[in-house]
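K.L.:
The primary structure of each chain is shown beneath.
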Amino acid sequence: MSTETIDLKTRLITDFHAREAVMNGEASSEFHQKKRAGLALFEQLGFPTIKHEEWKYSNVRDLISVSYDFNAESSIGLAELEDLKVPKQEANILYFVNGRYKAELSTIISPVEKITISALSEAYKNDPVKVASYFNELTKDANDAFTALNTAFTQDGVFIHIPDNQSVEHPIILRFVSDAREQNVGSQPRNIISVGKNAHVKLAEAFRTLGDQRSFTNSVTEIHVAEEANVQYYKVQNESENAYHVGTTQVRMLDGSHFYAGTVTLNGKFTRNNLNIVLDGEHCDAHMYGLYFPDGSQHVDNHTVADHQKPNSESNELYKGILRDKSKGVFNGKIFVRPDAQKTNAFQSCKNIVLSPDATMNTKPQLEIFADDVKCSHGTTTGQIDEEALFYMRSRGISQSEAMSLLMFAFCADVVQQIKIDSVREYLENVITQKLASK
Amino acid sequence: MLSINDLRASIEGKEILKGINLEVKPGEVHAIMGPNGSGKSTLASVLAGREEYEVTGGNVVFDGKEILEMAPEERAAEGIFLAFQYPVEIPGVTTINFLKTAVNEIRKYKGEAPLDAAQFLKMVREKAKLVSMNDSLLKRALNEGFSGGEKKRNEIFQMAVLEPKLAILDETDSGLDIDALRIVAEGVNSLRSPERSTIVVTHYQRLLDYIVPDYVHVLYKGRIVKSGPKELALELEEKGYDWIKAEVEAVG
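Protein chains in written order, with our numbering: chain A, 1 to 439; chain B, 1001 to 1252.
By construction, these hints were calculated from the structure, which means they are not laboratory data. It cannot be assumed that every hint is accurate.
Below, a list of computed lysine-lysine pairs in the DSS-like style, where the Cα atoms sit at most 30 Å apart [as the list claims (entries may be wrong)]:
#1 A:Lys-435 - B:Lys-1139
#2 A:Lys-435 - B:Lys-1110
#3 A:Lys-420 - B:Lys-1100
#4 A:Lys-56 - A:Lys-85
#5 A:Lys-435 - B:Lys-1226
#6 A:Lys-56 - A:Lys-34
#7 A:Lys-351 - B:Lys-1100
#8 A:Lys-328 - A:Lys-343
#9 A:Lys-351 - B:Lys-1139
#10 B:Lys-1230 - A:Lys-88
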């Protein structure tokens, strides 16, 4: 029984030291030093409780109440992955199983001069100085236990580089599969994506679970957006009823770049998404769209940051949610306008439909503005379905359930339409239609 | 076709309709007029099945069926159509998709196979022409950003597509200038047939210059207090409602 009483934090720290003890010269590398710093920060912070301002409405007690195998082997092969495929998807498809990049399962169709894709470990072997300098570069100031934990235990994610002036025609889809058929699994993928000057690329991260055991995903993706680059980045979560997910996407944008993010949470027991965008250049524009549909006792928390550091840039944000049953939703949107960031335009909106008296939505816009010549606005609404619209549709012969589906689908439409990878958008439209019709 | 017998309805405990009796035969046009607050729009809403109103007495038989227990969508499928005084804007749902859903839900109710996309489009184009509805509006979100006239025309267009047996026009003239009024009225007239009945709810006589009724009823304080031929509307236009009120008070 004694092992059961050891909490997850202690277990993880012990694990780290045990692994470090069997390392050879690698332990002194810059890469490992960053991991060790990650561990130290995690040790200091510990898992957050609801007393922590950033975790006030999202309790991780349940998440950390069991242990997870972070090194689980999986027998998943192409046959199982076939079932998870999205139709008509002509794309570079990268598979990750339990957090590790699987080159042998992946298909890369874009030519090598347009993209370099390799496992993080391999990229590090080829160019240790460069990869070590990228690793945790954007997240180094994050005072966040989960990010620190990911840094300490970074699994073999992927390193993607798009050279300057390249336009990648086919999207890059990162498909993360947790194999929870046999046991509780944990995965901590770290991905580093570097988009060169004036390069254009569409990316998507898709999270799925196999099996009914628990899965815990703690992912971190760092995206470097160079001058004039155009990046579209989508995150789609369609996980199991036993899936716990904490994910951070950290973005830095340089002069004249464009970044579009779409975060769609279809399913999962507990989801916390951190999307942090630093507009570290002039004439940048960042767009953040989000959509979530929790039901049952699901919990979805989106924390976003638009950090304006330089003048003349714009950020624009729209998050929407439909909450049913006893589900909970959280939205926290921070906008920082630093003293140098004059002529900033920053807009934020969060709209929710709460369909059950037992469902709750907590929204918190947070604007911190240190420049005086800026335009910022924010707004949140939480309401029920529009009864007048419902009656209008029913008076034309449309049944109540069909009218509800149409209205809810319409509510989501302005976010769904922002997904510019056709196969992903069509997949979402199908899943959302089914999900809305299911009750 | 429609038989309303001693219909009583209230909202939030306040009785609005206090015993309405009305017979409408196939092909007839009935105008219901009356001062503000007399219960005209309530009557239209209760017939269409708006749930905020509580029916406290009487019955309504449409085509041999008692309809007060029916859901709004069942009444629509049976052939009752309400043209709204304030058509609702529904962002994200195109007019064409909305109507396709409506047509096929009604077909399903009647046990008919759904129309395929080509059949539906052909039908819709014909109907749009009939009521001078611009094709470009069909692809836009339902009523979103439409002018007052466009919204009302969209109501008549929907009526043309759904081909109801009974059309109830609730203050369709409100907010329309004379040109828009004429276009809407022409649309309604083009849909007149010996099988289709119409109830025109209006405060003013001017709509009745274009949609000429067979009968005019005056609703006051929740009851029909006077009925007559179309000339009654002209009399109301000339003399206002005060003499009706005076008559009622004298009797009451």
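K.L.:
If a hint holds in the structure, say so; if it does not, say that too.
P.N.:
Here is how each hint holds up against the structure:
Of the pairs offered as hints, the one joining Lys-435 of chain A and Lys-1139 of chain B holds, with about 25 Å between alpha carbons and a cut-off of 30 Å not exceeded. Note on Lys-435 of chain A and Lys-1110 of chain B: the hinted pairing holds, with a Cα-Cα distance of about 27 Å set against a maximum of 30 Å. Restraint check for Lys-420 of chain A and Lys-1100 of chain B: the C-alpha separation of about 27 Å stays at or below 30 Å, so the hint holds. Distance restraint check for Lys-56 of chain A and Lys-85 of chain A: the Cα-Cα separation of roughly 37 Å exceeds the 30 Å cut-off, and the hinted pair is therefore not satisfied.
Proximity of Lys-435 of chain A to Lys-1226 of chain B is assessed by CA-CA distance (about 54 Å); at most 30 Å being required, the pair is judged violated. For the proposed pair Lys-56 of chain A and Lys-34 of chain A, the alpha carbon gap of about 29 Å is at most 30 Å, so the pair holds. This hinted pair checks out: Lys-351 of chain A and Lys-1100 of chain B have alpha carbons roughly 28 Å apart, not beyond 30 Å. For the suggested pair Lys-328 of chain A and Lys-343 of chain A, the alpha carbons sit about 36 Å apart, so the restraint of at most 30 Å is broken.
For the given pair, Lys-351 of chain A sits about 25 Å from Lys-1139 of chain B by alpha-carbon distance, which is consistent with the 30 Å threshold. Pair hint Lys-1230 of chain B plus Lys-88 of chain A does not hold up; C-alpha atoms about 64 Å apart against a cutoff of 30 Å.
Against the hints set out earlier in the document, violations occur for numbers 4, 5, 8 and 10.
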